[in-house]
Every structure is written in C-alpha cells, then in structure tokens.
Amino acid sequence: MVEFLEFTLEGLSAGMIYAAIALSLVLIWRGTRVLNYAQGALAMFTSYIALEVIDRTGSYWLGFVVAIAAGLVIGAVVERTVIRPVANKPPLNAVIVTIGLLIGVEGLAGVLFTSNNRSFPPAFSITGLSIGSVALGITRNDIFTAVAVLAAAGLIAVVFQYTSVGLRLRATAFNARVARLLGVRVGRMLTLGWALAGLLGALAGMLVTPSTFLNPNSMDGIFVLGFTAAVIGGLESPVGAVAGGLILGVVLSYAAGYLGGEVVNLFGLAALMLVLMLRPSGLFSAAPARRV
Amino acid sequence: MSERARSDLAIDEVVAGYGAAPVLRGVSVTARAGTITAILGANGAGKTTLLRTVDGTIRPSRGRILLGDLDMAGRRPEDVARAGISHVPEGQGVITELTVAENLALGLLLRPRADRAAALDEIYRRFAILGDRRNRAAGTLSGGERQMLVIARAMATSPRVLLLDEPSLGLAPKVVSGVLDLIRLLRDESGLTIVLVEQNARSALAIADTGIVLNLGSVVASAPAAELARDDALRRHYLGF
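Chain order of the listed sequences is A and B. For what it's worth, my numbering labels the leading residue of the first sequence as 31, then goes sequentially. For what it's worth, my numbering labels the leading residue of the second sequence as 1120, then goes sequentially.
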C-alpha cells in the first residue's frame, strides 16, 4: 500500500513534465496544425541557456527567468522564420521543417556547449519527503514541479478563456479565415501561440533536466513521452494534454515500480498504440476523427 | 446600431482572379450609403470573387476599391475589416466551437471598449433568440439562427459596409424571408451600405435598391432594382426567372 502511494506520487510528478510538453504541443497544433518535433530540442537549448546563466551568476532563479524568456522569444522567432514560409503548403513540409529544426538545434547545442553530460541544479531540495517514517517517494522539488506546471497551465487556461487576446487566439485556432474577416491579426496570434508553447517547453526543460543530465539529446526521450501524452489527450484539448500527461506518468511509474525500469519505454509505446487503435482521436476529444 | 460615418463603396475598374486568367475583367460598382446593392448573376459570374476582392482576401491586379476616400485595394483582410468593411461569407462562418456570446464578443472587439456592453445589449434586444442561447456553442444553432448570429456579429463590429454572400443559401423558405426582412431593416435603421450577393435574384431584387448583373466577370447591367425586375429579356437571359 505504501509502495502503491509512492509509485502514484512519483508517477504524478513525472507526469507533470509530460503534461507541460504535451500542452505546448497542443497549443501549436491547435493554432497552426503543425506537430513541432523540435519542441524537446528547443527546451534542451533553453536549459543550456539557463545553465550558462546559473554558472556565471550563481543564481538559479535568474537562470530560470532567462530560460523562460528565451523560450518565449525563440518560439516566436521559429514561427516567423521557419514555420510561416511553409504555412499553406502540404502538411508534410512542416513535418520535415520541424525535424530539420530538431537536428539543427541539437547540432548547434553540440557546437556551442559540447556534447558532454552536464548536471543541472534543481530549484529545491531533492531529498525524499516522508510522513513520520513513511517515505513518500517525492521531494520538495517534485512539489515545485507540480505547482509550476499547474500554475502555468492554469494561467494559460485563464488567458484563453477570459481575456480578449485569448478569444482572438481561440478564434484563430478554430477558424482563421473568419477570425481575419473580423479584424483579428491572425499572424500575430500564431506567433503568440508559438511563443507561449516555447515558454511551456522551456519550463518543462528546467523542471526535468535536474533528474536527467543535460546534453544535446537529453530531451529526446522526454519529448516522445510528452508527445504520447498529447496524443492520449487528443491533441486538440489542453485539459486532455494535462490529463494525458498525468495518466501516462502514473502508468509508467507503476510499470517501472512493479515490473522494473527497463519496461518503461515499452509501456509508453504500448500506451500510445492502444490509444491510437481504440480511440484514435484521444481520450478527451469530442471529434470522432481528424485529418493527420 | 452603427455609429460610424456613412460611406459609399466604390469599386472602380477592378481586375482580379485566382491565377493567370482574371475572373473579374474590369468591374465597376458603386454602392451608396443607406442602400442595398444586389449583385446578381449565374454561377461563375464572379460574384463571390468580387466580395473576396473587396474584403482583401484576393489582391486585385488593377483598379481601386474606395471606402469613402480610402483605397482598400491590396490591404489585408484584417485591415479591411478594421476600416469598416464587414464580410459575412457564404456558408455562414459562425465559429462553431465558440459560444454565441463569444462569437459576438469577437465582433465587438473592433469597437472601443466603452461601447461594447451597450452594443451587446442592443444585439440581444433585437435578436432575443441569441440572448436566450448566449452560452450555447454556436454549432448547436439551427441554420436560420446561425445566419442571424453572423449578421448580428457583423453588426457588432460597427461596420460602414456590410457584404453579404448568399445569406439565404440552404435556409428554409420561411426563414429566408425573415433574413431578407432583417437586411432591409438594417438598411432602414442604420444607413449601412449593404452589398448583397444572391443566387435567388427574385427575392434579392425585392429588397434591393440597385441591381448589378455580372456575367463572366463583367457588369452587363446596372439599374434600379425595380427596373431590372421588369426587364424580361435580361431576366430570362441572365437571371433565370
């Protein structure tokens, strides 16, 4: 029973990271119908930026803020320079472009920062918390991770639901042509969507990297799981993305806990295939099918 | 409902199309403020292309599109909308995933913040059924209610010119007459410049002040609506009624 609680909490904590990546993918998919395969690589890159700032200034929080800001700016720049030219072209063009971006960013990181593993500091203590003598399997840093992801997701939900810029963003995502006829500056909204996704990606990178190591490929595995979480959630639904991340985190944690760490990726793949076979539009999508 | 100044819309010698061969071959139409101008003609005559050129979706290769003194030709759709030309596209164009209230709020964003609440009240007073359904997804509305919503949303933007593309398409006959009555009412109350594209020439001419007949991208007739409706040769030849 204690073990079960421990695995559940561990799973939720890991799931928060997948949720953040999934949410960033959903934001981009809804706005521009592009699956950004470089989302993980961009998060890796902003984590390097954070680490450089932390190493030079000794301040974790300065690095944190700079990484988030860099994610915002890089997201916007990528949309304007790389994605905009392939908008209104066949969907495969955007796929190839983002895969190219993935390879390019990882290569650039290798050149700038070398491909050695570097350790990355956590925001808070990573000693396990316990109640009395019962270990909970989570740390203060895990709690920070959960709070940070939920706060970011909540903030984005509030902006989308209750502000005029959020209304413009949603109108653009649902029907760009009509939005344009109502005076919405659609181009700006697309840039803003990518910027917000970049922010979430940077946050995910900052939160997950302490528990891996930082190298140019360190986000690849996390990205695949975040992508799986987004598909479980249906790609359209921000709530689905967060729920998909948490479900995946818990399932993988049980698999690792009860069956051994080596089956985790296998279970991730199995979860993805199961959802695609049984409910291809995701667990949280109202639409029966979707063009891919 | 419209607080903006009245403006004529003058389309002057416009040449436009999708590829190498132009669909519009030098079209000139003047729509006067406070009147309804019906654009008539067979499928492929260039009616929808004309509206899409005015709204900025298609960039004309020649000609001017004057809103008052301002030339709209070559401006982007969002800038044309902000200048006061509101296009209600064919096939309705409600954003089905948003609620009725959100669709209207999107239109209201073009007004100064201080005016929005009063404008929304006015819309709900005029379109009581939209008020009743304000929190429902627009996708749940019937065809007639959707048409009401897109016209209300266009009015929410406080336009000077309203472009309506086939507002009766796909609606039951009884609903059609309601929509046409509404368009006439908007003209009488607000002094809007209304450009109405219709397949159904008979009902369009019944409410229009001026009729323009397009054929293969050129204007073949331009006259008071009542006169066009009486012209037997023209009716048989181009309008099919």
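Wrong hints could be hidden among the right ones.
As the list claims (entries may be wrong) - Listed next, with one range per pair, are the computed distances between beta-carbon atoms:
1. Glu1132(B) - Met307(A): 54 to 62 Å
2. Gly251(A) - Ala1291(B): 54 to 62 Å
3. Ala1140(B) - Ala117(A): 23 to 31 Å
4. Leu1189(B) - Val188(A): 36 to 44 Å
5. Val1339(B) - Leu122(A): 42 to 50 Å
6. Asp1234(B) - Gly196(A): 44 to 52 Å
7. Asp1300(B) - Leu304(A): 54 to 62 Å
8. Asp1251(B) - Gly134(A): 52 to 60 Å
These aren't lab readings, by the way, just hints derived from the structure by calculation. Note that CB positions come from ideal geometry on N, CA and C, so glycine has one too.
Tested hints:
1. Glu1132(B) - Met307(A): 54 to 62 Å: holds, 59 Å
2. Gly251(A) - Ala1291(B): 54 to 62 Å: holds, 57 Å
3. Ala1140(B) - Ala117(A): 23 to 31 Å: holds, 26 Å
4. Leu1189(B) - Val188(A): 36 to 44 Å: holds, 38 Å
5. Val1339(B) - Leu122(A): 42 to 50 Å: holds, 45 Å
6. Asp1234(B) - Gly196(A): 44 to 52 Å: Violated: the Cβ-Cβ distance is about 21 Å, outside 44 to 52 Å.
7. Asp1300(B) - Leu304(A): 54 to 62 Å: Between Asp1300(B) and Leu304(A), where Cβ atoms are some 55 Å apart, the hint holds.
8. Asp1251(B) - Gly134(A): 52 to 60 Å: holds, 54 Å
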